[in-house]
Structures are given as C-alpha cells and as structure tokens.
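**Student:** Chain by chain, the residues run as shown.
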Amino acid sequence: MITVTDLRKVYQQGDRTVVALDGVSLHVDAGQIHGIIGHSGAGKSTLVRCLTLLDRPTSGSVSVNNKELANVSDADLRTARRRIGMVFQHANLMDSRTTAQNVAFPLELIGTPKAKVAEKVSALLELVGLTPFADAYPSQLSGGQRQRVGIARALSSDPDVLLCDEPTSALDPKTTDEILELIKSVRDRLNLTVLIITHEMNVVKQACDSVSLLEAGRIVEHGDIAKVVADPAGRLSQALLPMPGELPDDLPAGTVLDLLYSGTQATEPVISSIARTFNTDVNVLAGSVEHLGEHQFAHIRIQLPEGADIDAITKHLLGNGVAVTVKETK
Amino acid sequence: MDFFNDLMTNPGITKAMWPAFLETMQMTGISALFTVVVGLPLGILLLNTARGGLTPNRGLNVLLSGIIVNITRSIPFAILMVSLIPLATLLVGTSLGPIAASVSLTIGTIPFFARLVETALRDVSAGKIDAALVMGSTRMQVVRKVLVPEALPGIIAAMTTTIVTLIGYSAMAGLVGGGGLGRLAYNYGFQRYEPAIMVVTIVIMVLLVQLVQIIGDWIARLVDHR
Chain A
1429 MITVTDLRKV
1439 YQQGDRTVVA
1449 LDGVSLHVDA
1459 GQIHGIIGHS
1469 GAGKSTLVRC
1479 LTLLDRPTSG
1489 SVSVNNKELA
1499 NVSDADLRTA
1509 RRRIGMVFQH
1519 ANLMDSRTTA
1529 QNVAFPLELI
1539 GTPKAKVAEK
1549 VSALLELVGL
1559 TPFADAYPSQ
1569 LSGGQRQRVG
1579 IARALSSDPD
1589 VLLCDEPTSA
1599 LDPKTTDEIL
1609 ELIKSVRDRL
1619 NLTVLIITHE
1629 MNVVKQACDS
1639 VSLLEAGRIV
1649 EHGDIAKVVA
1659 DPAGRLSQAL
1669 LPMPGELPDD
1679 LPAGTVLDLL
1689 YSGTQATEPV
1699 ISSIARTFNT
1709 DVNVLAGSVE
1719 HLGEHQFAHI
1729 RIQLPEGADI
1739 DAITKHLLGN
1749 GVAVTVKETK
Chain B
51 MDFFNDLMTN
61 PGITKAMWPA
71 FLETMQMTGI
81 SALFTVVVGL
91 PLGILLLNTA
101 RGGLTPNRGL
111 NVLLSGIIVN
121 ITRSIPFAIL
131 MVSLIPLATL
141 LVGTSLGPIA
151 ASVSLTIGTI
161 PFFARLVETA
171 LRDVSAGKID
181 AALVMGSTRM
191 QVVRKVLVPE
201 ALPGIIAAMT
211 TTIVTLIGYS
221 AMAGLVGGGG
231 LGRLAYNYGF
241 QRYEPAIMVV
251 TIVIMVLLVQ
261 LVQIIGDWIA
271 RLVDHR
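As they're listed, the protein sequences go chains A and B. For this note's numbering, count along the first sequence from 1 and bump the result up by 1428. For this note's numbering, count along the second sequence from 1 and bump the result up by 50.
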C-alpha cells in the first residue's frame, strides 16, 4: 500500500512562487489500482517526480507499507526508490541494451549474481509475454512491446508499488487495452499496489478500482469508482458517464429527468417500470452505459409527457436506488 | 617518365618515407590514447557539472569549461604547440622528436575531444537518466551504465574526428621538430622543391585519413542499436 500525506511542492520561477502541489493526500491499499487523472498543468508530472523522489517535496510524506520514503537521507534514497517500480510514457529503455539486458538493469545495480539475474529475467519476460524477444534491441520492438519491457523492468526489483506515468498515452487503442490488461494481471499475480497517472478517462474506466481528480495541485474529488460515479453532480461522474449539457431547443413540452444508477443498485428494470407503474410514455433522449470495475452503470436522460406525476415518479425512482436530477426545460 | 622514375629512386621516398610514416603513426597513436584517457572524463565532467547535470557545480564548471577548455581552444594550434615546448622538455627531457611533439598534440586536442564527448552525452535523453535514478542507480552507475553506453556511437564518432584532426596536427608538429610526414613534406617537398615527395606525402595522408574514417564509421555502426 502507499500513503501520501499533505504533499506540497513549491518552487521559485524567477520572482514568482509556483505552488505545483498544494497538499495532496491519498491512500491506496495493496492490490488496488488507483488512477490519478488531471489535465496538463494540474501537477501530474510534479506529483510523479515527488513520488519517485526525483524531486524532493517541500513538505509532506510518502510512505510505502508504512516505511517513510520522502524524508530519508541521501544514502537511503536509492534503497527507498527500489520500493516503487516505475513505468514511463515512452518506456525510457536503454537503446544499447537488449530486452533481457534492460530487464536485468535494476538487478545489475545491486550486484545480483548472474545465474539469479538470468532466472529472474526469463520469468519476468514470460510474465509479460516477450520470451521470444529476449535478444531484440528496443529499436526492433513495437511501442506496445517496449512498454511491456518497461513493465518487466519495473517489476524486477520486486517493488511494492507500481507507478505508471501516462503508460498508454503514446499507444494506439488496441495496444492500450493490452497494456492495461497486463497491468491488471500483474497486479492480480503479485498483489501490487498500482498508481496510474493519466489524462485519459478511458484508462480509469478500463483499469482503475478507485480514482482521484487532480486540479491545480489539489485532489478535488476521490474515491472508489462506484462512489464517485454515484454523485451525478461530480466532475468525475460527468466525465465517466457523459451526458450532453444543453437540451435541444425544439424539444416538445414535458419534463426531462436525468437518471443515474448502477446495475446492482436498481432493483427493477428502471425505464419500463416507470411506464408500467404510472401508465405513461417514456422517451429516452440520451444516455451512456458503461462497465466500470465490477459494475454496470447507466446515465439516462428521459422525457415524460406533460401531465405526468413527476413527484410520484421521482419518489418511485429514488426508492429503487436511482439518482434523479430534474432538468430545466425552456 | 621522369616523375615515376623519381618515385622509385628518390632517397626521400625509398629511405626517409617509412621512418617518417612510423613517426606520424607514433605521434598520432600516443596523442590519441592520452586524449581519450583524459578527454573522456573531462567531457563527462563538463556535462555533469553544468546546470541540470548529475552533480551541478558552478565553480568547477566555469573553471573547466570557461577557463581551461575555451582558452586552450581559442589559441591557434601552431602557437599553442610552440608555447608548450618548455613543458615537453620538462616532461620527456627533449623538445625534439615525435614523443615530445605528442605532449603538445595531446594538450591541444583534449579540449576539442572533451567538447565532442560532452555534445554526444547531451544527446542521451533525460528520461533514460531519470529511469536509471528511479531504479536506484548511483551517479557513477548512471555514468557507466547509461550515459557512456547510450552515447557510445557518438563517442566513437568523436574519436574518429579527433584522430583525423590529430593526423593533420601531427603534420604541423613536424615543422617544429616533431618529425613525421609533415617534416618530410616540408624539408624535401618545399625546401628542396621535390614535387614527387610532396605528392606522395599528400597521397599517404589522404589514404590514412580515409582509412581512419572508414574504420571509425564501421565501429560506430556496430555499436549503434538505435
């Protein structure tokens, strides 16, 4: 597990004082994949550099399995860093080394005996599915294969935490899926704590158990996917289950409702139950249905004709575990 | 056919050419060896003491880069060579011969090579260095396992350029007592006005430079996996 407490990073840029991280706290349990999402300039890069201790935070602490990392002496810094394996956006492999030699790099640093290195490297290459490419150089590999090497290399120092910095941002959609599946499968096998820093909501949808929204150096929303999605007013919920903002001008008279529910929360087929119970027409205007983590979520916009008993219908829906927002009609 | 006859019989070619060639090789070889031994670490220091390097040290960087390297490089080689004669005398006991000339050749070439090494090392992306640090490398390990191996094709190219430059400089060193092909061309070709000697010397120098460049490019390609 990893715990970050009140992490601040302030630096001087000429006369200006820039607060890049303004008290970031988060906690991720072992075996969880946590996404940190933010636009460029939100402080993602600074957060990565502080978590890996490439930059020292101004204040605050980072601890992995209750061992403090951020405030250790320079001498202990290298050992501390080995507790966090890192995967980079562009893999950052050494071009002069083959796949196997790249994966062996962290082991060489601490003088691991050759036989042990060979054994470990071949196990890791098998884990990421690159055994036939052990002797290939990075320039001979595809982007997805390079990222697999990067993951194997990050795992070779037996870290407790895997920190992925935009791991799929340079990859095409199909390769992105493969890399995210690989990250999930190594998490399952090694019970790793995984932190994925990204600007792609898709990555959060596909891989994360919980998520934080980083904005201007602060975490403005966070929680399990199910929890953040359930709040229709939340920014993450709106990003994960998008809904067109404006209602069309030529909409016939009636009342528009936005319904948000998960497959497990709603006890009845929601739309047809309204129609049956209240003997009314229901017109679906827009919606998105997503599989997030283990649950299916739906965000549906419906219109009810004039004269429908909105209060009773809302009450019925709330009773069934559906969040309802009544939209303004023109 | 006088010219070709001259080629076969001129003692400047039959007797003096081979020893002169060996002297040139000796000067170039000794200087190249010491230039790499001193210049490679100097290039690494130039990069890493600069801002954003592994061990930023403004004072040391100004001393190495601004004072030693830039001043040495701004003195024309002919003048540097003459001014270093006393040092050569001090180090090897004589101011004459290829070994004495190697002293000033080496000192004149080290800053040039160090700058080329610095440029080659600068091409190694910051991401690779970050990756090595995150994996727990010491700074020394970053230099030995990342910077130098990743920049090796560039460093080999820098060595090739340096050796070619040294061959040219060694001819100049011949004029102030270093011996070698430079002196041969000057004494026989210019002072005694024997065009055959001049031509043969030039041809040998051109072939030598070509050979060095071809071998250098071949090795650089061999170690380049980018």
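Honestly, the hints are just simulated from the structure, not real lab data. A hint or two may mislead.
Only some residues are given here: those of chain A computed to face chain B with a beta carbon under 7 Å [claimed, not checked]:
no., residue
1, Met1429
2, Thr1433
3, Arg1436
4, Gly1442
5, Thr1486
6, Asp1502
7, Arg1506
8, Arg1509
9, Met1514
10, Asn1520
11, Tyr1565
12, Leu1569
13, Ser1570
One-sided and incomplete, this derived list gives chain B residues near chain A with beta-carbon spacing under 7 Å [stated by the list, open to error]:
no., residue
14, Ser187
15, Pro199
16, Arg242
17, Gly266
18, Asp267
19, Ile269
Virtual Cβ for every residue (Gly too), placed ideally from N, Cα, C.
**Student:** None of the hints should be skipped; say for each whether it holds.
**Tutor:** Okay, the hints, checked on the actual structure:
Against a cut-off of 7 Å between C-beta atoms, the interface hint on methionine 1429 of chain A is violated, since the closest Cβ of chain B lies about 20 Å away. This hint is violated: threonine 1433 of chain A has a C-beta 21 Å from the nearest C-beta of chain B, more than the 7 Å allowed. With a cut of 7 Å, the hint placing arginine 1436 of chain A at the interface with chain B is violated, because the nearest CB-to-CB distance is about 21 Å. Annotation: glycine 1442 of chain A was flagged as interfacial toward chain B, and the flag is violated, the nearest CB pair being 15 Å apart, outside 7 Å.
With a cut of 7 Å, the hint placing threonine 1486 of chain A at the interface with chain B is violated, because the nearest CB-to-CB distance is about 20 Å. Violation of the interface hint for aspartate 1502 of chain A is found here, the shortest Cβ-Cβ separation to chain B being roughly 11 Å, above the 7 Å cut-off. With 7 Å as the threshold, the beta carbon of arginine 1506 of chain A comes within range of chain B, its nearest partner Cβ sitting at about 4 Å, so the hint holds. Taking 7 Å as the C-beta contact cut-off toward chain B, the hint placing arginine 1509 of chain A at the interface holds, the least distance being around 5 Å.
Annotation: methionine 1514 of chain A was flagged as interfacial toward chain B, and the flag holds, the nearest CB pair being 5 Å apart, inside 7 Å. Hint on asparagine 1520 of chain A holds. Least Cβ distance to chain B is approximately 4 Å, under the 7 Å limit. Checking tyrosine 1565 of chain A against chain B: minimum C-beta separation of about 4 Å stays under 7 Å; hint holds. Annotation: interface hint on leucine 1569 of chain A violated; nearest CB of chain B at approximately 11 Å, more than 7 Å.
Taking 7 Å as the C-beta contact cut-off toward chain B, the hint placing serine 1570 of chain A at the interface is violated, the least distance being around 16 Å. With a least beta-carbon distance of about 6 Å to chain A, the hint placing serine 187 of chain B at the interface is held under the 7 Å criterion. Given hint, proline 199 of chain B at the interface with chain A, holds; its Cβ is 4 Å from that chain's nearest Cβ, closer than 7 Å. Using the Cβ-Cβ criterion of 7 Å, the hint placing arginine 242 of chain B at the interface with chain A is not satisfied: the shortest such distance is roughly 52 Å.
Taking 7 Å as the C-beta contact cut-off toward chain A, the hint placing glycine 266 of chain B at the interface is violated, the least distance being around 18 Å. For aspartate 267 of chain B, the interface hint is violated, since its Cβ never comes within 7 Å of a Cβ in chain A; the closest pair sits about 18 Å apart. At about 14 Å, the closest approach between the beta carbon of isoleucine 269 of chain B and any beta carbon in chain A exceeds 7 Å, and the interface hint on this residue is violated.
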